[in-house]
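Undergrad: Residues per chain, in single letters:
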Amino acid sequence: MEELVKKRIKQVLKGDQNAFGEIVEIYKDKVFHVCFRMLGNRQEAEDISQDAFIRAYINIHTFDIDRKFSTWLYRIATNLCIDRIRKKKPDYYLDAEVTGTEGLTMYSQIPVDERLPEEEVESMELQDTIQKEISKLPDKYRSVIVLKYIEELSLKEISEILDLPLGTVKTRIHRGREALRKQLRTV
Amino acid sequence: MMKTCPDKMVQYMHEYLDEELPQEQETELKLHIQQCEACRIHFHELKKTIALVQSTSHISAPSNFTEGVMSRLPKEKKKIGIQRWFQRHPLIMAAAVFFLLMGGSLLTSWNNGSEFAFTAQPNVVVEGQTVIVPEGEIVSGDLLVRNGDLRVEGEVQGDVTLINGQRYMAGAGSITGDIDEIDQAFEWLWYSMKSSFKNMGQFFGLNESEE
Ligand SMILES: [Zn+2]
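Which chain is which? The protein sequence lines are A and B, in order.
All residue numbers for the first sequence refer to the numbering used here, where the first residue is 1 and numbers rise by one.
All residue numbers for the second sequence refer to the numbering used here, where the first residue is 188 and numbers rise by one.
So that you can see chain B by itself, here it is in the shape it has in the complex (with noise of 0.2 Å):
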């Protein structure tokens, strides 16, 4: 094969395949390819090859592909997951709230609003609607506020409920149980649900005021 064509005919080729060759540039490869069959060859092959490439026929991914993504993805936010639970299963939300009216008056403390109420642990300070866990102190037991904030700049060994409330944590502070915030009227039927198998032990209501 004589070597006799211009170096810049196979960029010119490629810039063709790009769409990107000039009207100019174009007619002269064109023109070219005509007379050098070393250059139509290779065009062709090109040509070819991008046919190829393209025709291989398109694979879905397989099946339970999404449920296995789905499966393997970090746990999310349990707050989601119980407002959908319940979004899913409005008869148990009903029966919930009917076996609540009837077997007491956990939701007149909800309904009643705005009343700050706390469990009395003996360590804890208060400052109007906040309830702080001062430095250096240990809560050794479960802490829930309702309608308050927390404040905790010492230690609670146990979990801690916050309704309705903002959790401050100092930088010393810390909480070894569980931490449930509730913010929804039906994540606090749920919460009482749990609790009132659970037998939660006693919080003393304060009315709006400092002791």
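Bound conformation, chain A alone (with noise of 0.2 Å):
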């Protein structure tokens, strides 16, 4: 795919936009997804993905093509996302007590080896949940946590899109990780 996708790239350098079309078509879900969940909020999502995509058009020439692009293009997205973050006034603290959810222990038995089957986990209250609790992360666990364990990106790409040493990006791992097992031992 990335040499369909590079191809595109050089039909867009020579001004085809249509081209950039199917590269938009190829990364759309993947990019709003991550914005979805670093921002929590559909609406916002869509509009930082689609700036992301408008940057990465116009930025194209910059980009580098032996390099992959969606590490490129999710660096761009990262970087909207975290602005815009930071541009919202903190209404959250790390350590917030999670109301409402006493009693609810149905994943106190599951044993420490097997993921949780998926429709134990369909409940759109409990994904509501998962979201909110991701988006009491400060951006810079928040960030690395998204990449990991819903992009599924290795450490070393997530090195790169946030441009972070992977000293850097084990630590914050570390630290997100132990954030939301305290968000979520309740739920």
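Check each hint, because a few of them may be wrong.
Examples of chain A residues toward chain B, derived with CB under 7 Å [stated by the list, open to error]: (1) Gly-21; (2) Phe-32; (3) Phe-36.
Just so you know, these hints were derived from the structure itself, not from any lab.
This structure is a prediction, so every number in the text was calculated from the model and none was measured.
We treat Cβ as the ideally placed atom computed from N, Cα and C, and that holds for glycine.
Assemble the dimeric complex from its two separately framed chains, guided by the hints.
TA: Right, dumping it as structure tokens:
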């Protein structure tokens, strides 16, 4: 797929705007999803992910064709999300208690090495709760958690996207996991 | 809860979750977890957290997302737009050819190839196949150069059309109107179609030699 994308990029560089439409088609869901998990809001996610593609188009001549396009695109998108988060007033506290969840221990008997069965998690309420807790994370933890666990990217790729040393990425993932653990333990 | 466990256990847990814990330490961690309830709960909660985050469903971009992006892109260069328009409308292309062949000899000037021609503006200078607007001179009106280059050192107060040629702008040179650069036969056709309606005014042919 990277090969096809590179071909399209070369066409875009020659001035063919339609070729960019195909690139948008290929990556729109991924970019939108990252933005949604980062921002926790569909409308904002749509605005920011569209901005990300427009920025990519305008700066396409600065993309190094020998590198992975998705890394470059994610980088633009996460930077825009982080900017947006920082512009918003923080109306949360990292250690805020999650209210209204007492007694919900339906996952407490799950064996350590098993992933949650999907049907159990499909309830929209739970989805909302998880998203709300992700949204409470400070942006530096939120971005690494989203890229690692929602986009399932490698630590190395995350370090390239966020332009951070590998060690910093690991530390942030550890802290992000700890913060989320405290927030989600009662879910 | 008694705090009797080494701090490194939590660090081990995270390294394990990143698949970076060496075998020896993994064994150490597992042995500890078997004996220590606090760490067992901690580890379990971490795994549960990951499972919860990963359980969130994938959300697709809204419909019309791509159209939204495309409509917000800066306008592309005219040239590609015309090329693609003709590629998409081959019938109109054919009609245009027919119309032009019937209507006049516009195409012959293209097919004949290398004929150098330009709009007869009074204050331009010609060197070889290059039309020059000298420094300090003002050409008021449109300027067309075919099969030759254009060098603008002065000012053109009008549109510039270049067919099969290069444009050079000197530091002080300026063109106030539109600039059209045409180097494909079908663009020439397109241009001819537009201008046959517009009455472009006359331009004189010169036969490969200077005045
Ligand atoms: Zn312990």
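Undergrad: If a hint holds in the structure, say so; if it doesn't, say that too.
TA: Comparing the hints with the structure gives:
1. Gly-21: Constraint on Gly-21(A) satisfied, holds at 5 Å.
2. Phe-32: Holds, because the Cβ-Cβ distance from Phe-32(A) to chain B comes to roughly 4 Å (cut-off 7 Å).
3. Phe-36: Interface hint status for Phe-36(A): holds (5 Å vs cutoff 7 Å).
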